[in-house]
Structure formats: structure tokens, C-alpha cells
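A.B. asks: For reference, the chains in residue letters:
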Amino acid sequence: MKINENRCTGCGQCVLVCPVQAIHIVDNIARLSNKKCVECNVCYRNAQCPVNAIRPTRLKWPRLVRNPFSDVISTHKLTGVAGRGTEEMKTNDVTNRFEFGEVGVSIELGRPGLGTKLANVELFTLKLSKIGVTYEKASPLSALIIDEVGHLKEDVKNEYVLSAIIEFKIPHEKLPEVLRIIKEIENVIDTTFTVGIISRVNDNGKIPIVKNLEDMGFFVRSNAKINIGLGHI
Amino acid sequence: MTHSLHRIGRESDLKEDYVILAMVARGLNDTNPEAREKLIKIGEILEQHNPTNMIIKPAWKVSTVIQGAFENKKDVKDVLKVLKKEDLGVSIVVSGLVSEITQVLKDIDLKPHTIHLSLGVFGKKERLPSEEILELTTMCGHHCISSQSVENYVNLIKKGKISVEKAAEKLAKPCVCGIFNPKRAVIILKKLTVK
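So the sequence lines, in the order shown, correspond to chains R and U.
Going by this note's numbering, the letters in the first sequence line up with residues 1 to 233, in that order.
Going by this note's numbering, the letters in the second sequence line up with residues 1 to 195, in that order.
No lab work stands behind these hints: they were computed from the structure.
Don't take every hint at face value.
Think about it this way: if two alpha-carbon atoms lie no more than 30 Å apart in a straight line, the pair counts; the simulated DSS-like pairs of lysine-lysine are [unchecked claim]:
(1) Lys73/U to Lys211/R
(2) Lys124/U to Lys130/R
(3) Lys158/U to Lys85/U
(4) Lys125/U to Lys174/R
(5) Lys173/U to Lys117/R
Far from chain U by the CB rule (all over 10 Å, computed), these chain R residues [claimed, not checked]:
(6) Thr57
(7) Arg84
(8) Ser142
(9) Ile146
(10) Asn158
Some residues of chain U that are not near chain R, with every Cβ distance over 12 Å (derived) [to be verified]:
(11) Glu44
(12) Gln48
(13) His49
(14) Asn72
(15) Lys74
(16) Leu80
(17) Ile157
(18) Lys158
(19) Lys161
(20) Lys166
(21) Lys183
(22) Leu192
(23) Thr193
Ideal placement from N, C-alpha and C gives every residue a C-beta, glycine not left out.
Take the sequences, apply the hints, and build the full model.
C.D. replies: This is the structure:
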């Protein structure tokens, strides 16, 4: 993203809409921090700049990687879905991606709203790969993991994004190990992250993993996403 | 895309906040020629049941998802009743309070298939804005709504320069998915502006 400082009148509309506070008014002109900008295009679409001073720029690698993890309209080639995630449980009644006895996990780094350096992803992937999780192949993040150890492509680690979702599945028995990793990393990471847990629901309406989660000291929020089983081929 | 999962709020407030999403599965039921027609039909069904917000119309022709926000359980139930009857084969996901959604499903003889639970936020939470601001910003799961934008509208409302309803409408705009619930935003903004 670029703000044409010769055109800018310093009205500050772009400052207000920037989700990561990458724009500040200095000497009556909007200045964009290239380091903090996550290339989400929110300012371009929503600031209603009165002098059209905001323009997206042609991004080159590795900065290019910021866009699909930040711009909701950007569709990643791997997922075919706009946004930074995948179909995950949303189509599970058709794909059967998560079966009984399996648990899906989504760890979204940088959410809600702080953003993250992609290097933070490696804090998780190095530990998760060690215990043997199955990463979601269609996730844009999986394409950046270069080996079985969980290393990320070196040249993307310094890139900032609005959020990055680590999506994977595990057998039910491995859930305590994953929860332990989450607790460890919570204490060392410099941003926030959200955690989602996916499970099939038993015929009697019971969700078998809830007790495991509570036993490990995790609080399960009262709102969730529920696939209601109307999908079929 | 866990975008409607981690909406922050008290249980009593979340009773007035639901998202219904329809999605076709890539390579499975998105390829048949009727898939687009089905998604558009679902869009029309949602539209007929008082959504407080919806994905913009031009996106209906290209998006793999169609979704809308709702403010009460009755409308959600009515939508699901029609979708069950139509049996379009498109996956439907409802976000909101588990207890309320489960009751709706029971009433119309449907069962939850898969659930995505939220364990909440971890890490450097001290860097986050206040809970009330997060109640608004997390209604856009892709976080396209900034906290300073909320603060700006709160100030403008307090100064009498904009109505609460207009501010809620303006806050909803960056959420292109159409899941930001402006009706709930009005309630939150009223709380924020009496302080």
C-alpha cells in the first residue's frame, strides 16, 4: 500500500480505519509504516480518501505473502476460498474431514486485531510437528512449512500479517499434548491468538472432548459454530 | 476461516447474535452446474427472514459462501425450517450460543453434525482494547474494523454528531462478509456512550 504524500491533505480518515494502526499523521500528512502495514487493503476500500491518495502497490515476494493472510477478499490458490482459512468443519457433513475419534484444531495467531509476524507461527509448528499432527493441506499456511520439523520458509518470517491460522487434526488422545503446547507458548509469544477445537457431535448431542478440555483447565466458550448436517453430494 | 467463531460478549448479549452460513465443498458439490443456483437460492431465503446484515449481492455470483447475521432465534429457526424442507445439499453452519442453537435444531428435528468450539483468546491480552470495543470489532472475524474507528464513533455519538444507528451502519461497512451485526452494535454503542 502506498499513500501519496503529495496529494494527502491530512484528513486522517485512513488513520481511523487501519486495523493495525500502521498510519499516523505527522506534520499534517498521513504516513504509512511499511513495516506495520499488513497489506489488508482496508484503508483503500474504506477510508473514502477525498483526494484518492491511497493506492495498492504491486507486491513482490516475500512482502506479497502479507496480502492473502490479511485481505479478506484475496483468494489463495490453495484454498479456493476468500480469506485466510479453509472449509474446515463448515463442509464436514460432505467431506468427512473430521471423523469420530479425531479432533480438529485451529490456532489463529494475531487475532483479534493485533496482527503477527509469521515467525510466531514457527513457535507452534516446531512443537506440533514433533508430536505428529496432520496439517490441513489446503491451508495457505501449510504451503509455507518447508519440512517435517515444522520450519517456515526463511524469507517470510519477518513478514507481518493480520492473522495466520494453523489448522491441523489429531487423534483424540493427542489433545492433552496440544493443549500443553498452547499453554507453553501463551507465556512467550508477543501477540494474541485464538484457539478453536473441532469435534463431531454424538447422536445424543454430547461433545466428547469438552470434559478433556475442562479437565486441562480450559474454558469452553458458550458460543460456537455448528454444522447442522444438511450438506450432501 | 474461523471468522464467526470468536465473537466476544456476555451470554445475555449473544442471545441476540447469530450467523448462518452456507458453503459448497470444493471438488465435491461445488462443481455441479446447479451449485451456484443453490447458493443464490439460499441467499434469497436468508434475505426473506430479516437478516440484520448479509454478504453483498455482487458476491453471490462468485463466492463459495453465502452468509448473513440475525438478531433472534425465531428468524434463525424459520430459515433452517425452509432450508431443511428445500434439501439443497449445501452445508449449513450456524454460529451463536450452543444452548440456543441446539434447542432450535431439536424443535425442527435436526441434529448438530460437527461443532467448532472456541477456547477464547490467549497470549498478550494486555495489548488488546477493552472488552466492549472487542465486542464490536470481533463481529468482523477478519478484523477489518479497527478499535480507533469504534472510539471515533463513540466520540461522535457523545457529541451528538451522529446517531447510534448510523454509527453502527458505518462500522459494519468494512465487514465485506456481512456478518457484523449492526443491531447488536447499536446495543453495545449505547452502553459505550452512556459512560
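A.B. asks: Just checking, Leu192/U versus chain R, shortest CB gap more than 12 Å?
C.D. replies: holds (16 Å)
A.B. asks: Test the statement that Asn158/R is away from the interface with chain U: the closest C-beta pair must be farther apart than 10 Å.
C.D. replies: The claim holds: Asn158/R sits with its nearest Cβ about 19 Å from chain U, beyond 10 Å.
A.B. asks: Please confirm whether Lys158/U is truly not at the interface, meaning its C-beta sits more than 12 Å away from all C-beta atoms of chain R.
C.D. replies: holds (16 Å)
A.B. asks: Classify the label on Ile146/R as holds or violated, using whether its beta-carbon is more than 10 Å from each beta-carbon of chain U.
C.D. replies: At about 24 Å from chain U, Ile146/R clears the 10 Å cut-off, so the statement holds.
A.B. asks: Minimum Cβ separation between Lys166/U and chain R greater than 12 Å?
C.D. replies: Lys166/U is indeed farther than 12 Å from all Cβ atoms of chain R, at 15 Å.
A.B. asks: At 12 Å, judged by beta carbons, does Thr193/U keep clear of chain R as stated?
C.D. replies: holds (17 Å)
A.B. asks: Per the stated criterion, does the least C-beta distance between Leu80/U and chain R lie above 12 Å, as a non-interface residue requires?
C.D. replies: Not fine: 7 Å to the nearest Cβ puts Leu80/U too close to chain R.
A.B. asks: Can the restraint linking Lys125/U and Lys174/R be considered satisfied, given a maximum Cα separation of 30 Å?
C.D. replies: This hinted pair holds, its Cα atoms lying about 27 Å apart.
A.B. asks: Can the restraint linking Lys173/U and Lys117/R be considered satisfied, given a maximum Cα separation of 30 Å?
C.D. replies: holds (27 Å)
A.B. asks: Examine each Cβ of chain R, and state whether all of them lie more than 12 Å from the Cβ of Lys161/U.
C.D. replies: Holds, because the least Cβ-Cβ distance between Lys161/U and chain R comes to about 14 Å, which exceeds 12 Å.
A.B. asks: When you look at the beta carbon of His49/U, is every beta carbon of chain R farther off than 12 Å?
C.D. replies: holds (16 Å)
A.B. asks: A cut-off of 10 Å on Cβ-Cβ distance, and Ser142/R was said to be off the interface with chain U. Does that hold?
C.D. replies: Given that every Cβ of chain U is farther than 10 Å from that of Ser142/R, nearest at about 14 Å, it holds.
In summary, the numbered hints that this structure violates are 3, 7, 16.
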